[in-house]
Each structure stands twice: as structure tokens, then as C-alpha cells.
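From just these sequences and the hints, can you work out the full model?
Chains as they are written, first to last, in the working numbering: chain A, 1 to 180; chain B, 1001 to 1446.
Where hints are given, some of them may not hold.
As the list claims (entries may be wrong) - Partner residues are not named here, just some residues of chain B that face chain A (Cβ under 8 Å, in silico):
hint, residue
1, E1004
2, L1016
3, P1017
4, L1032
5, V1035
6, L1304
7, P1335
8, R1337
Think of the hints as simulated: they come from the structure by calculation, not from any bench. From the three backbone atoms N, C-alpha and C, an ideal C-beta is built for every residue, glycine too.
The residues making up each chain are set out below.
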Amino acid sequence: MRRRPDTELILLARKGSTEAAEVLFDRYWTYAWRAAYAVTTDSALADDAAQEAIEKAFGALDRFDETRPFGPWLKRIAVNRAIDHLRRASRQAGLGEETATLHAWSVGEAADDDLRQWAVADAVAALASSRRTVIVLHYWLDLPVEEIAGILGLPVGTVASRLSRALAELRTALEEEHVV
Amino acid sequence: MSSELERLLRDARKTLPEPDAASTDRARERALVAVRRRRPRLRLAVLAGAALVVALGLGVGLGSLIAQSGSAARGPTGFGFLPEPGWFALQSAVPANSDQPAVAVAASVPFAPDDDNRGLADPSGLPYSTLLRLPPDGIVIVASALVRGEEQRYGAPYPEHELPLRVRDSVPFIQYGTQVRPEQPLGQYQLRSAINGYDVDLTFYFGTPRPSSALLAEAQGQLDRLVVSAKPSPATPAARQPDAVATASAPGIIDRAFVCVPAFVGGIQQFEASAHKGTGRRGSSWDRPAFAALSTTIAASAALAVYNELAWMTAGRPSPSSNVIDPRFPEYAFPIRAWGTLAVNGKLCRSTSARVPLGTKGLVRREVGAFDDRYDCASPRVLVRVRATLESRTSLKTYRGFLRTTVPVKEASLAVRTQTGKPLVYAEVFESGKARLFTAPGCVPD
Chain A
1 MRRRPDTELI LLARKGSTEA AEVLFDRYWT YAWRAAYAVT TDSALADDAA
51 QEAIEKAFGA LDRFDETRPF GPWLKRIAVN RAIDHLRRAS RQAGLGEETA
101 TLHAWSVGEA ADDDLRQWAV ADAVAALASS RRTVIVLHYW LDLPVEEIAG
151 ILGLPVGTVA SRLSRALAEL RTALEEEHVV
Chain B
1001 MSSELERLLR DARKTLPEPD AASTDRARER ALVAVRRRRP RLRLAVLAGA
1051 ALVVALGLGV GLGSLIAQSG SAARGPTGFG FLPEPGWFAL QSAVPANSDQ
1101 PAVAVAASVP FAPDDDNRGL ADPSGLPYST LLRLPPDGIV IVASALVRGE
1151 EQRYGAPYPE HELPLRVRDS VPFIQYGTQV RPEQPLGQYQ LRSAINGYDV
1201 DLTFYFGTPR PSSALLAEAQ GQLDRLVVSA KPSPATPAAR QPDAVATASA
1251 PGIIDRAFVC VPAFVGGIQQ FEASAHKGTG RRGSSWDRPA FAALSTTIAA
1301 SAALAVYNEL AWMTAGRPSP SSNVIDPRFP EYAFPIRAWG TLAVNGKLCR
1351 STSARVPLGT KGLVRREVGA FDDRYDCASP RVLVRVRATL ESRTSLKTYR
1401 GFLRTTVPVK EASLAVRTQT GKPLVYAEVF ESGKARLFTA PGCVPD
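Now the structure itself:
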């Protein structure tokens, strides 16, 4: 079956096609949720943030410029929502006894590779949230430094220095564990 | 160097989990509703009005459709449901103690034959066949009660409540991170309460992910008829009493249950149970303290060998040279003082509220010597309970993928069951250096 381009699905959804909207949803939901999870490291917060993002995006299809890619637009909304939720949650409560993990809970066939990636994900999760956020936004969600600065409301130089310090910290932690 | 690290970082994004089915369904609905809302207001208003009329009609219809012919189990003795008209109830045959829960189940639909053992509930409490065919307007309430022991008062999440409980106090709940019926999700909610000396777990299953107010009211009607008898007799400690030395201080107790996933080995999921007694006593510490562990095989590399451990427990103070695994290479040692006197693999195990009794019933005692005696047991997911009396109060903290404590253990026990409740392993370790291991007869020496 022909893969219908996003633009076609968006135009159909604007006319009220729930079928087109569902295809678009299936194409991008996991992507949006993982972006929210990467930022929040919390399934419940990611659920809330990603659901709000998808609702907002689908409700604003009329205003979306269909000549631009849909995925990055949705990701940006999901990241913004996730950061809002993260800030709210950090104001409300301290950390529980079990810190969050950033990796899924299953072992694939290439277990050693999985463990190496887990070690990296654990090291990222162990970073202070300000450093973790810039690492996640830059390396996992592929956002350029300038865009991260815009999202976080920080000067570009601050984001760059946080990235640099976070990388140094990660390198130290992963060298200790013989991962790099 | 930096580019290698950056490549690793980018690769690590693959480890991110995916949303669960319930969240996906909710998001899909919100997306579609958002798209529909963009239609003209008048049409929306007409649709909303029509929906309201239908919903009201359904609510009235549901109320009048409740049959009056529900069969009832025997009346609850201490703990159970008095069935509402049209409801069905089961309860466990034995009363609760601090180790074994009493279970009661109520359903607004007849129980599937598999689940109804002449009015008695399955010890697991889960009427699985009934849930698999639960219609959209069906409700099942599963309640379990455990006599509250001393160890359960340390911050256990059971707030004091009085009867009747309220459905609206429950929270969405997916046990073990899975839906009972993923292709047609149920609404699953949990409510925990401390009532009359019992820790009571209630799980509500609705035939639809988002139960209507009519369904919630119906569930509340049955919940109003939950009986939890007056204060039970004093709790029986779940584990052996601490010895005289231990009782002289105020020990901390850790008592947690987990669901763990053994790795595939030769096509089947299996884990190893092992234990050794303490050796090399030096004053107050041990070179090799009494030890029991569950392990599986996911990593071949010596550097990562510790990640093969699902859980381990030691007893007695470890020396600086005590290791979780006897090191094949000195650079890959995993000192107990750092990795934990008691630990559970956070990558392969997750917390669960499932009850796992500690005991040797149905198990065979195995010899435990100075070296690890290992037994292979095959099972997919397993329930693991660890219970330890420690030198001071503590909790399990995350350390390199494990939940662990470094506080020395006075004595500890570990039990493993299948998810259907079949006992597989029981082990005990004591600060005297003694260790005991029991396994199911089907577990074979490695």
C-alpha cells in the first residue's frame, strides 16, 4: 500500500477525516511520547505531556504550515510540554528513593550492546537535570543549540557550556565503568 | 574520543521505552477529538446533545438491566464481599495472616468456570478468564488483605481508611506494566488502605478504559459491601524472629517484592538459584559472607558480569575484599561494600505489590557448602520477594542499575514464585554464616 505523505494526511484531516488523522497519529505518537519521556524520565509525566502535545497539534492543524515537516513541529510541542511538566513536578516534590531510568525494560538479543547503551542511558539519567536536559535535547532529540536555548530561555553560550560540562561528566562516569 | 562518546550517546536513545497501550489509546482519542472539534460549532453542539441523550439513555438502561439473579458465595468470614443484587462473589478459603493474604473477588458478570472453584477464589486473586471476556459494562473488583505486620509499618503506602471506601480515591494502575487485555484494554484502578489492622489492596477492573459515572457508581455500590472484620489477632511475623543479639538493637527491615524477567538461555527463560555459606571470618567481618542469589545470563563480558544477577543477599559484615561474584579479573571486581549487601537488578526487575509468601512448602532442601551450589529453574517472569533484617534502618537506593543497600544484613530470606503462585525457590542467610537453599524439584543442578 502506498505510504501517504504527511501533507496529504494533514489536508484530509483538516477536512474532518478521522481515518487520515489516525494514520498521522500512528506515525508520530511514539515519536512524540519518547521525546517527552527523554525530557521527563517519568512515564506519567511523559504520558501527560505527549497527550497534551498531540491534542494541541491535532487541534491546530488548520494553522500548521503543511509545506514544513510535521514531525519536528510536533516534537517541539512535546518538548515544550514536557519541560513545563518537569518544572511543575520538580516544584511539587522531591525525589523518591528510586531514581528514574531512561531505558526500556527488556533485553534484546545483543545483550552486551544493550548493556552498554543502558550504561550510557544510566549515566545520562544520573546527570543533574539542567545538564541532562541539554544532553537529551541535543543528542537524542537532535535539536541544535540555538533551538535548545530558545526552548529553555537561556543564552546560547550557557547551553553550549552546559553541554560541554555534561559531556565531560559523562566521559568520566563511563570511563570508570569501562564503557568508553 | 569525544566523537566516540557522542556516537554512544546517540545510540543510547534507542533504549528509550515506548508508550503503553493505555496511554496510546488515550492519546489517540484526544487527537481525534481535537480534530473533530474543528468542525462547525452548530454541528458540534448537535452531536454533543445527541451524545448526552444517548448517554442518559444508556445510564438508565444499565440501571434497569442489572439482573437480580446473582449467585452469592458463602458470606465473608472476616474479609470479603457481600454481593449486591446481580453481582457474584468469591473469596479465599483461608483467613489472612501477615504472610498469606485473604482474597475476595466481586464481579458484575458471572465468573468464568475457570475462575470459580466452588465459590473459592484463586489464591492469586486474579479471575483471569473472567477479565479476558469482560464486557464493556462489566466490573470486577479484586481485594486482598494481609495482616499488618511490624515490617509493613515502615512507610508502607497504605493510608488509614474507614469503611466504606470510595472508588474515586483509586488511581490508574497497570500491574507489572502490562494490560490484562492489551487488544481491548480494561480500565484498571487501584486503591490501597489500612483497615482494621489489615493492609487492603483493591483493584477495580472495568470493561472499558474510561468507565462512565454510571459504572463507577455501580462499583461503589459493591464496594460499600466490602467487609473487613474487626482487628485481627496480633500479627505473626513473616520471617523468623531475630536472634537475641538482633533484638537488642532496633533493626531496619526491608521487605519488597519484584517481578523479574530471566533471560533466554537455550531457547527457554531460566535463572539460577545459588547459595554458599559464610567463610573466612575475620573478627566481625567475613571475606565471603553467607550469600544467596538469583542470576540469569545476559552478559558474557566479565566487565558486566554483575548484571547477570537478578538479586542477591548476604548476611554478616562484608570485608573490603568481599565480592558479589568471585572475580575472574581483579579489575572487574564487584565489592559487596559498594554493590550492596542486598540488591535487586533494576534493569530486569520491577517493584510489584504482588504477595509472595516466604516458606519452604513444596520445595526440596538443597545442600549448601562453602562454594556456590547452583540450580537451574525455568520460568518466564518470576515474582521475587526479599526480606531482610539489617543493622540499621535503610531503604533500597539506585546504584548503577541496581536497587541496593550497603547496610550489613543480620538475616535475610528470599522467595521466588511463578506468576501463578507456584513456589520455585526459597533461601535464607544468617550473620552466623549459615545459609539454606530450597528449590522446586524441577530445578536441576547446574
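The hints, checked one at a time:
no.: 1; hint: E1004; in the structure: holds, 6 Å
no.: 2; hint: L1016; in the structure: holds, 5 Å
no.: 3; hint: P1017; in the structure: holds, 4 Å
no.: 4; hint: L1032; in the structure: holds, 5 Å
no.: 5; hint: V1035; in the structure: holds, 4 Å
no.: 6; hint: L1304; in the structure: holds, 5 Å
no.: 7; hint: P1335; in the structure: violated, 14 Å
no.: 8; hint: R1337; in the structure: violated, 16 Å
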